[in-house]
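Just so you know, the sequences run in chain order A and B. Our numbering puts the first residue of the first sequence at 1, with every later residue one more than the last. Our numbering puts the first residue of the second sequence at 1, with every later residue one more than the last.
FYI, nobody ran anything at the bench for these hints, they're computed from the structure. You may find that some hints are simply not true.
The calculated lysine-lysine pairs, modelled on DSS-like cross-linking and capped at a C-alpha distance of 27 Å, are [as the list claims (entries may be wrong)]:
1. A:Lys107 x B:Lys533
2. B:Lys453 x A:Lys75
3. B:Lys516 x B:Lys530
4. A:Lys103 x B:Lys19
5. B:Lys19 x B:Lys157
6. A:Lys79 x B:Lys386
7. A:Lys103 x B:Lys91
8. A:Lys79 x A:Lys107
9. B:Lys530 x B:Lys386
10. B:Lys516 x A:Lys103
Model, not experiment: these values are computed from the prediction.
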Amino acid sequence: MQGNDKDGALVKEAVHAAVEHFGSSQDELIPILNEINRTIGYIPGEAFDELSSLLRVPRSQLFSVASFYRMLSTKPRGKHVIQFCESAPCHVVGGREVWQAIKDFLKIEEDETTPDGHWTLVTTSCLGLCSVGPVMVVDDDIYGNVDPAQVANILEKYR
Amino acid sequence: MKFYRSHVLVCVDPECLKKGAHEVMDALQDELVAQGLIEEVQVLETSRIGGCDQGPELMVYPEGVHYSNLTADDIAFLVEEHFLKGRIAQKFVTEEKAFADEELSAPTAKEIRVVLRNCGKIDPENIEDYIAEDGYQALGKVLFESTPEQVIDEVLKSGLRGRGGAGFPTGKKWQFARASQGSPKYVICNADEGDPGAFMNRRVLEGDPHSVIEGMIIAAYAIGANQGYIYCRAEYPIAVKTLRIAIDQARNLGLLGKNILGSDFSFDLEVRMGAGAFVCGEETALMASIEGQRGEPRPRPPFPAVKGLFAKPSNINNVETYANIPQIIFRGAEWFAGMGTEKSKGTKTFALAGDVQHTGLIEIPFGLTLREIVYDVGGGIKDGKKFKAIQTGGPMGGCLPESYLDLPVDYEALTQAGSMMGSGGLVIMDEDTCMVDIARFFMDFTQDESCGKCTPCRVGTRRILEILERICAGKGQPEDLDTLEYLCAQIKEDSLCGLGQGAPTPVISTLKHFRKEYEAHILEKRCPAKVCKPLIRYEIIDGICTGCTVCARNCPVNAISGERRTTHVIDPDVCIRCGICMQVCNFNAIVIN
């Protein structure tokens with residue numbers, strides 16, 4: 001229970017910090033949600049409660065906005081998030097094989113988290129790094145010109 | 001203001017100072033005085049001109065000569081040669097380091113750089129670099145020499161059309177926004193460049209942010225807005241950061257904020273970051289997102305010029321459109337209209353991707369043919385393969401076959417050919433590409449990105465995707481092609497926004513130009529390009545196989561059997577078509593059938 005209280009306090013703190021930084025108005029909602037997502041890793045239910053009372057916007061409306069955008073997660077994510085670019089330029093230069101290699105290595109599918117909570121695998125829309133495709137991003141690190149044989153080596157660094 | 005015929009910029013970075021940059025500077029000052037040139041040549045301190053590994057170093061303008069490896073003792077010679085005799089002192093000239101820019105290489109003969117002119121050349125985090133390249137001159141001209149109407153007139157005369165893809169005349173858009181009643185008015189920059197493979201706007205935002213900012217200030221002056229937003233996608237964190245730095249610097253110099261340059265015009269700008277939704281590139285969805293809503297489009301009319309952001313009159317253009325504006329004002333509408341075709345003026349940036357020799361960004365005048373783009377600018381197809389198709393216009397664009405290679409690129413020509421300009425992605429595909437797989441791929445993308453608000457797009461794209469997946473899996477039925485055509489026509493006709501209306505284009509165009517490939521998949525259960533896994537078989541050729549067992553040992557599912565030194569056999573029912581056997585075979589004994 002103590003752990004939960006602490007988490008709750010952390011969430012509250014993150015929400016207040018974000019609202020303070022951007023101002024409590026509906027048109028700042030997306031920057032606020034982005035910021036909470038960045039600090040906590042996802043947007044937990046308590047964050048919506050807190051935000052709802054601060055912004056005076058119904059919880060349902062907040063959730064509706066958060067669930068619309070791909071980069072905002074309402075589910076907990078793994079310690080490391082792998083984003084794989086699924087766009088055409090990466091696809092045609094061998095992205096499909098790299099994607100398969102990542103899935104084989106982690107033994108999970110898209111939008112899944114490994115049972116140990118270490119990895120979350122998602123696809124991303126084009127990162128505009130097409131001249132070095134296929135591209136994968138682990139947390140904030142970008143890897144270009146990836147080939148299937150490199151996948152294990154890259155991921156081992158985050159063990 | 002005092003005029004000098006020459007400016008010398010001496011690098012005073014710590015590395016250069018350590019190597020004696022101050023001594024060089026003092027010697028230079030003394031020598032110029034001694035030679036009586038101090039009234040003609042100005043010496044300034046600067047940083048980051050070369051990288052300091054060959055310091056001390058300096059640049060001399062207007063020639064733009066870069067001298068390095070200097071000591072104080074060399075200065076007398078340098079001053080005599082360069083400033084007295086007017087000769088370049090070759091022995092100190094720096095060899096410009098050729099650095100590999102994977103995105104933007106030196107322009108080829110057929111390119112003209114207008115929008116990309118400063119990218120890679122100036123420091124985007126230093127506003128003075130932009131000003132030195134005539135930056136903010138257009139703004140000064142507009143604020144003190146032109147009325148808003150004259151600005152709009154100039155943009156109209158230039159023939160500039162929206163570079164986001166639709167190609168609506170920019171001057172017209174501004175006219176509507178200016179004429180619209182209501183206050184306040186907003187200027188918005190669409191920097192939500194979401195088309196996969198298109199990163200022209202990212203490069204401009206990261207490499208020359210002030211060109212966009214200046215364009216927006218001019219637009220704001222023209223329509224009478226005092227607040228602007230740049231909506232940039234979250235996938236571009238560096239662009240957002242660069243923009244914020246640029247805006248701060250412009251504000252500090254009085255180029256943004258109250259009473260710009262001392263005039264009575266005020267305008268300020270804010271960067272808004274998206275959160276990963278492709279549909280937000282659609283202008284009405286984008287505005288909803290700035291307002292903090294779900295980024296769903298709404299029907300037009302009313303157009304943004306009448307009822308846009310916060311239900312106020314708004315002008316929305318994309319990054320490349322704004323980046324053209326300062327040049328049009330500064331160099332004149334005639335100059336701009338001198339490039340391009342009858343109806344499409346100026347240049348267009350494209351991102352070349354796929355199986356072409358030189359991928360990356362290009363900027364060409366309208367009117368160049370697709371063949372010139374693929375072969376002269378792009379260097380032709382990689383690995384000596386054959387050209388198969390070019391996809392223009394991003395995921396909602398069409399795939400054009402070889403017979404369209406001589407098509408001149410402009411808005412009308414591409415639309416007539418069944419594709420579109422789009423924001424400027426060009427994906428080149430070689431003979432190893434399966435067009436059904438490509439259509440399936442794009443449908444997978446649009447289906448995923450459909451916001452779900454209107455039924456034709458939400459349900460229709462899903463139905464098309466299911467059929468295409470079935471065809472690629474070898475389970476296509478003869479009536480599928482008719483069903484596809486029917487669905488495509490319906491979705492195109494009935495969807496609310498550009499995403500839905502454009503979603504069927506890859507299918508329509510591949511059905512039109514590559515129908516035989518669909519038929520091969522459906523009727524013969526064969527993938528001619530050997531891409532669709534359920535339709536291909538790996539086989540070992542008797543006589544070439546030496547029975548070395550490498551393939552059998554590497555097969556992850558034990559589908560290969562055979563005795564040592566005898567030809568091996570692949571069991572097609574067990575084989576998962578992973579291709580590992582083909583990669584590891586040392587004798588090229590494995591083929592795809």
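Against the structure, the hints come out as follows:
no., hint, in the structure
1, A:Lys107 x B:Lys533, "holds, 21 Å"
2, B:Lys453 x A:Lys75, "holds, 24 Å"
3, B:Lys516 x B:Lys530, "holds, 14 Å"
4, A:Lys103 x B:Lys19, "violated, 53 Å"
5, B:Lys19 x B:Lys157, "violated, 54 Å"
6, A:Lys79 x B:Lys386, "violated, 45 Å"
7, A:Lys103 x B:Lys91, "violated, 57 Å"
8, A:Lys79 x A:Lys107, "holds, 16 Å"
9, B:Lys530 x B:Lys386, "holds, 15 Å"
10, B:Lys516 x A:Lys103, "violated, 34 Å"
Hints 4, 5, 6, 7, 10 from the list above are not met by this structure, while the remaining hints are.
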